[in-house]
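Chemist: Residue numbers (our numbering), protein chains in the order written: chain A, 1 to 298; chain B, 1001 to 1250.
Everything labelled a hint here was simulated from the structure, so no lab data went into it. A portion of the hints provided could be inaccurate.
As the list claims (entries may be wrong) - Calculated cross-link-like contacts (lysine-lysine; reagent style DSSO-like; alpha-carbon spacing at most 30 Å):
1. LYS126/A / LYS175/A
2. LYS203/A / LYS223/A
3. LYS104/A / LYS1121/B
4. LYS1237/B / LYS16/A
5. LYS1237/B / LYS126/A
6. LYS1237/B / LYS1055/B
7. LYS1237/B / LYS223/A
8. LYS198/A / LYS16/A
9. LYS223/A / LYS175/A
10. LYS1011/B / LYS1107/B
11. LYS1011/B / LYS203/A
12. LYS1055/B / LYS150/A
13. LYS1121/B / LYS1011/B
14. LYS235/A / LYS198/A
15. LYS198/A / LYS175/A
16. LYS16/A / LYS1011/B
17. LYS1055/B / LYS1011/B
18. LYS1011/B / LYS126/A
19. LYS150/A / LYS1011/B
20. LYS1107/B / LYS104/A
21. LYS104/A / LYS1055/B
22. LYS1055/B / LYS175/A
23. LYS1107/B / LYS1121/B
24. LYS223/A / LYS150/A
25. LYS126/A / LYS1055/B
26. LYS126/A / LYS104/A
27. LYS1055/B / LYS1008/B
What the hints assert, rightly or not - To give a feel for the contact side, a few chain A residues facing chain B, derived at Cβ under 10 Å:
28. ILE4
29. GLY28
30. ALA72
31. TYR83
32. PRO103
33. GLN143
34. LEU246
35. GLU249
36. CYS252
37. ALA253
The beta carbon of each residue, even a glycine, is placed where N, CA and C say it ideally should be.
So you can see what is in the structure, the chains are spelled out below.
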Amino acid sequence: MELIIDQLSKHYGRQKAVNNFTFTMTNGVYGLLGANGAGKTTLIRMLCGVLQPTGGRINYDGIPVTEEAYRAELGYLPQDFGYYPDFTALDFLLYMACLKGLPKQFARTRARELLSLVSLEDVARKRVRTFSGGMIQRLGIAQALLGNPKILILDEPTSGLDPRERVRFRNLIAKLGNERIVLFSTHIVSDIETIAGKILIMKNGILIQSGSLQEILSALDNKVFECSVDLETAKRLSEYCTVISLREESDCACLHLVGNVPPSIHAVPVSPSLEDLYLYYFYEESARRNSKMPEYGI
Amino acid sequence: MPEHFINKHDKEQIKNAFQAPGTHRRQDFFITGSIVLPAQGRLEYFRIQLHYIQKRNWLASLLLFLLLAAFLNTAELPSQSVTVGAAFSPFLMLFSLTELLRSRSYKMAELESCSRYGLHKIIITRLLILGSLHFLFLTALILLHFFNTDYGFISLCYCILTPFLISSSLSFFCLNHIHKRYNIEICGGICVLTGAVCYLLNSTFAAILSEGAAGICFVPPLAALCFLIRELVYLVKRTEVLKWNLSLTN
């Protein structure tokens, strides 16, 4: 099972939402990380066949994205999806099952099982319009799993879920990834850190880095520092560096920061986290300032 | 029925039928090979889609038909009944347009697009179902008037189909090319206007409806039919490419 994305691009006039994206996915959980407007949703929409690429191709075991056979293997949870207001949760799943080509009797059984899986069995007969945001999100997850998809694509699946549901959902994704390709995008770095086997980082429509957590964090080796400085120095440092956290104590401040060079001779290098990496790549203004900072200037 | 009258075995069966399956089945979701999904036939898909057409469409069409049939008996002149029937036929199209716009209105288009059949096949299915409904409605209306008025068959077809075809083609044109929030209201305006104009023309130029003039009269409905087919093809092709997504992404 291979999902091949080859030189995929989507341009809106001069703006390149996705530019020459090339990657191959096999079974496992892939986390797609990027700032707002990085091109994550555009990429996901192209992978789901709802948006026509400007260039490139997408193939799943030789089946192009435009084929019905590809869509039959696909489960998709959009970032923001609607529902017909007169539908109950069960109606919604049955309708989606019909569109996925499941026979009515089988769909009924599977819909009930999935509602139970996402803890919505008690409200199966309630109208979707009465649901909270988290319940709608869980219903969306259930519909994505209806056809037992080999490719599962989830756009911001954990947004709107409370911490307990998020943990439950993370575990569910981790299990699902054993036998299928799961791609999910999110802003929540801890979700990716916990369950993604491979992480893809997108910036301005380009895949800037991919690999396991350890692999991509190696780019930040010796670039994350902690130091304890007086308040005045801390203020000056926060103008030059990407400060991830600042904890003020009685007469000094403890800084956790990312930079190409140690900000102070007292700075101690620490092991990087995904949040550090995210800020390193997406805190552009700071990065620009950081490059102007003289080595051991303070 | 009091509880003690229910057989224990029946009670157990009813309970099982309404209960979600146990946890042992839940594990199956995580193992791809363990679930063999039965395939759905095209006919079954069509039947299920028929079920998902909103009930109000069937009811409104039936109500319109019954009103027009009732008017046939109360109208003083047969021509009055035909012109009123013709004037109201565009509204049939209006009910159906709400159905076609449903995916877009309720933001379901994206989910429907990536389903196995894709949005264009769903739209084609809905068009087929609603087209069949229109065909039955209009045929019944024409036959009803044919057996109860002095109008010839061709004249009746002309009178009743012309406003329907013109309003349909213009409504689909509006749907395809004018992307406004109030599309359905615009289409409503088109239907009212077409109905009113056709009513006036049919009342004023009743003589032109004689069979001898049919050759000339049939130019507008034929032109409207060609235009309608063109717009329908465009609508289906548009759903394949999904240009609406551009606005979502932006």
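Chemist: Does each hint hold? Answer for all of them.
Modeler: Quick rundown of the hints versus the structure:
1. LYS126/A / LYS175/A: Holds, because 29 Å separates the two Cα atoms, which is no more than 30 Å.
2. LYS203/A / LYS223/A: Given pair LYS203/A, LYS223/A holds - Cα atoms ~20 Å apart, limit 30 Å.
3. LYS104/A / LYS1121/B: holds, 19 Å
4. LYS1237/B / LYS16/A: Answer holds: LYS1237/B to LYS16/A is near 25 Å, not above 30 Å.
5. LYS1237/B / LYS126/A: Roughly 36 Å separates the two Cα atoms, so the pair is violated.
6. LYS1237/B / LYS1055/B: Measuring from Cα to Cα gives roughly 28 Å; hence the hint holds.
7. LYS1237/B / LYS223/A: Measuring from Cα to Cα gives roughly 52 Å; hence the hint is violated.
8. LYS198/A / LYS16/A: holds, 25 Å
9. LYS223/A / LYS175/A: violated, 34 Å
10. LYS1011/B / LYS1107/B: Answer violated: LYS1011/B to LYS1107/B is near 42 Å, above 30 Å.
11. LYS1011/B / LYS203/A: violated, 60 Å
12. LYS1055/B / LYS150/A: Distance of about 35 Å is beyond 30 Å: violated.
13. LYS1121/B / LYS1011/B: Outside the cut-off at roughly 43 Å; violated.
14. LYS235/A / LYS198/A: Roughly 37 Å separates the two Cα atoms, so the pair is violated.
15. LYS198/A / LYS175/A: holds, 15 Å
16. LYS16/A / LYS1011/B: Given pair LYS16/A, LYS1011/B is violated - Cα atoms ~63 Å apart, limit 30 Å.
17. LYS1055/B / LYS1011/B: Violated, at about 34 Å.
18. LYS1011/B / LYS126/A: Answer holds: LYS1011/B to LYS126/A is near 24 Å, not above 30 Å.
19. LYS150/A / LYS1011/B: Between LYS150/A and LYS1011/B the Cα gap is close to 39 Å, so the pair fails against 30 Å, i.e. violated.
20. LYS1107/B / LYS104/A: holds, 24 Å
21. LYS104/A / LYS1055/B: Roughly 20 Å separates the two Cα atoms, so the pair holds.
22. LYS1055/B / LYS175/A: violated, 41 Å
23. LYS1107/B / LYS1121/B: holds, 17 Å
24. LYS223/A / LYS150/A: Violated. LYS223/A to LYS150/A sits at ~39 Å, over the 30 Å cutoff.
25. LYS126/A / LYS1055/B: The hint holds at about 19 Å.
26. LYS126/A / LYS104/A: holds, 20 Å
27. LYS1055/B / LYS1008/B: Violated, because 39 Å separates the two Cα atoms, which is more than 30 Å.
28. ILE4: Hint violated; ILE4/A Cβ to chain B Cβ min 18 Å, cut 10 Å.
29. GLY28: Violated: closest Cβ of chain B sits about 13 Å from GLY28/A, beyond 10 Å.
30. ALA72: Constraint on ALA72/A satisfied, holds at 5 Å.
31. TYR83: holds, 7 Å
32. PRO103: holds, 5 Å
33. GLN143: Holds - the Cβ of GLN143/A comes within 10 Å of chain B, reaching about 7 Å at its closest.
34. LEU246: violated, 36 Å
35. GLU249: For GLU249/A, the interface hint is violated, since the closest Cβ of chain B sits about 46 Å away, which is over 10 Å.
36. CYS252: violated, 47 Å
37. ALA253: This hint is violated: ALA253/A lies away from chain B, its Cβ roughly 42 Å from the closest one there, beyond 10 Å.
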